[in-house]
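Novice: Top line first, the protein sequences correspond to chains A and B. Residues in the first sequence are numbered consecutively from 12, following the numbering used here. Residues in the second sequence are numbered consecutively from 12, following the numbering used here.
It should be emphasised that the hints constitute simulated quantities derived from the structure, not laboratory data. Fair warning: there could be bad hints in the mix.
Since the list can't tell identical chains apart, any single copy or any two copies may satisfy a pair.
Claimed, not checked - Derived lysine-lysine pairs resembling DSS-like cross-links, with alpha carbons at most 30 Å apart:
hint, residue 1, residue 2
1, LYS115, LYS129
2, LYS129, LYS104
3, LYS220, LYS130
4, LYS128, LYS220
5, LYS104, LYS128
6, LYS104, LYS130
7, LYS195, LYS104
2 protein chains.
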Amino acid sequence: MTLPRALLFDTFGTVVDWHGSIAREWNALARARGIRVTGARVASLWRAGYHPAMNRVRTGELGWTKLDGLHRLMLDDVLAQLGLTDALAEEDKRELNLAWHRLKPWPDAVPGLKRLKKKFVIAPLSNGNVALLVNLAKYGGLPWDCVFSAEIFRHYKPDPETYRGAAELLSLAPQEVMLVASHKSDLRAAARCGLQTCFVERPREFGSKPNPDLGAEAEFTLNVAGFGELASQLAA
Amino acid sequence: MTLPRALLFDTFGTVVDWHGSIAREWNALARARGIRVTGARVASLWRAGYHPAMNRVRTGELGWTKLDGLHRLMLDDVLAQLGLTDALAEEDKRELNLAWHRLKPWPDAVPGLKRLKKKFVIAPLSNGNVALLVNLAKYGGLPWDCVFSAEIFRHYKPDPETYRGAAELLSLAPQEVMLVASHKSDLRAAARCGLQTCFVERPREFGSKPNPDLGAEAEFTLNVAGFGELASQLAA
C-alpha cells in the first residue's frame, strides 16, 4: 500500500450520527407540539427517501437541487405518510429541515480527524450541500482543510464526477486519494475511479435497526472500526 | 450596516505576504546556485505577469489553467527576461513554483481570523487553485471553514461568477456576504455583485515599492488596517 496524500470522508453515517441526531430533534419538537410519533421512526422514514430523491437528480428527472431542497421534499413526503402535514407550522418544518446541519459527530471522529490532519489533507466528500457541510463542521468542530460537496460538481455520489472532481481539485492522481466511508457502495464507486478505500464499520448508523453494511472486505485498502484506528494504521 | 453572515478573503496580499515570502525563497535558492539577482526584483517581475496571464484565460485566449500552471508560465517568462533560463534546473523551477504554496500570513491574519471564525463563516475567495489554497492554509495555520477558489467556478476574479458563485454555494444572498481585500478593484467588482466590502490597507504588499491601493474610501462598507480591527468592528 502506498500512503495516500488526501483523505476524503463520506459524512452522513461515516462522520456524524444522523439517525440519533434527527431522532433527538424530532422528539423535542414532537413533545412541544403534542405529537406521538417516535424520532427513530421519523429518522428512518426521512432517510429512506434519500437515495430515491438523489436518483431523480442523477437521472435528470429533476434539475440540480441542493440536498437542503431534497431534504425538504422528503420531509413533506414523510409528514404526509404519517398524516402530520398540518400538525406542524411552516416555520417548524423549515427549522426541522435544518436539523441536518446539526448532526453529532461519532465520539471517535474529531480526535481521529485531528490526528489525521497533521499528516494528510482531510475533507468531506458528501452529498450534503456546501452550507450544510460548513454548518456541520462548525457545529461539531470538524477540522476540515477544505470542503468538497456534490454541489460543487453538480453531480451526486456515486456519479464518478464527484470522486474524480475532488482529486482533480486537489491536483492529485486518484490513487493518491482515499475515500473513507461506512457504505460499501460508495467505496466501490470510488474504487472504480481509482481511489484507495477505507471501510469504517458504524454498527449504530441506523439506531437499533440492523445495518446492512457490516464486516471487513478484502477488496478495500483498509477496514477499520473508527477514525482512531484509521489514524494508527496510517501512522498519523 | 447589516452584519454579514460570511466573510470571504482575497488571499495574495490581503492574508499573506507574497512579496516577502517569494523574495526570501528566491534569495535562498539564488545563494545556493550562485545567482546574483535580488528576490525583491524577481518577486515584482513574477507578480507583474499575474493579471496579464489571468486575462488570457478570462478572454478565452487560453483554456482553463490552474494558477499553478499560470505561475509556471510567468516564471519561465521572468527567467527568460533575466537571461536565467538555463541557470536553474527543471527541478529547481518546479520547486520554486511551489513557493506560492508557502506564503507567510501577515502577523494580524491568524489571530484575527480565529476571532472572526467564532461569529462568521470565513473562507478565502482567491484566484489560487484549491491545492495551493489548502497548502497555504496548512502552512500558515489559516483556520478556514471552507475554501473557495476561482478553480471551482472556472472563472478568475474579477469575473462576477466568482463572487456570486461563492454566495450561492453558501446559500446566502450577496448582501449577506462581505469580501475582505487589499485591492480596491476586487472590492469594486464584488460590490457590483451586491456583496458588502471591507478594504484592508496592506502598505507593504509590494515590499519597499509604493502600493497604489492605499487610503480609506467611503464607497466600501468598512475600511480597516488589519484583521484585528475588522474583528473589533464586527464585534467578533
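Novice: Now tell me, hint by hint, if it's right for this structure.
Specialist: Outcome of the hint check:
1. LYS115 - LYS129: both (23 Å within a copy, 19 Å between copies)
2. LYS129 - LYS104: between (40 Å within a copy, 27 Å between copies)
3. LYS220 - LYS130: neither (36 Å within a copy, 38 Å between copies)
4. LYS128 - LYS220: neither (33 Å within a copy, 38 Å between copies)
5. LYS104 - LYS128: The answer is between: 28 Å across copies meets 30 Å, while 36 Å in one copy does not.
6. LYS104 - LYS130: Only across copies: LYS104 and LYS130 sit 25 Å apart there, 41 Å inside one copy, limit 30 Å.
7. LYS195 - LYS104: neither (32 Å within a copy, 43 Å between copies)
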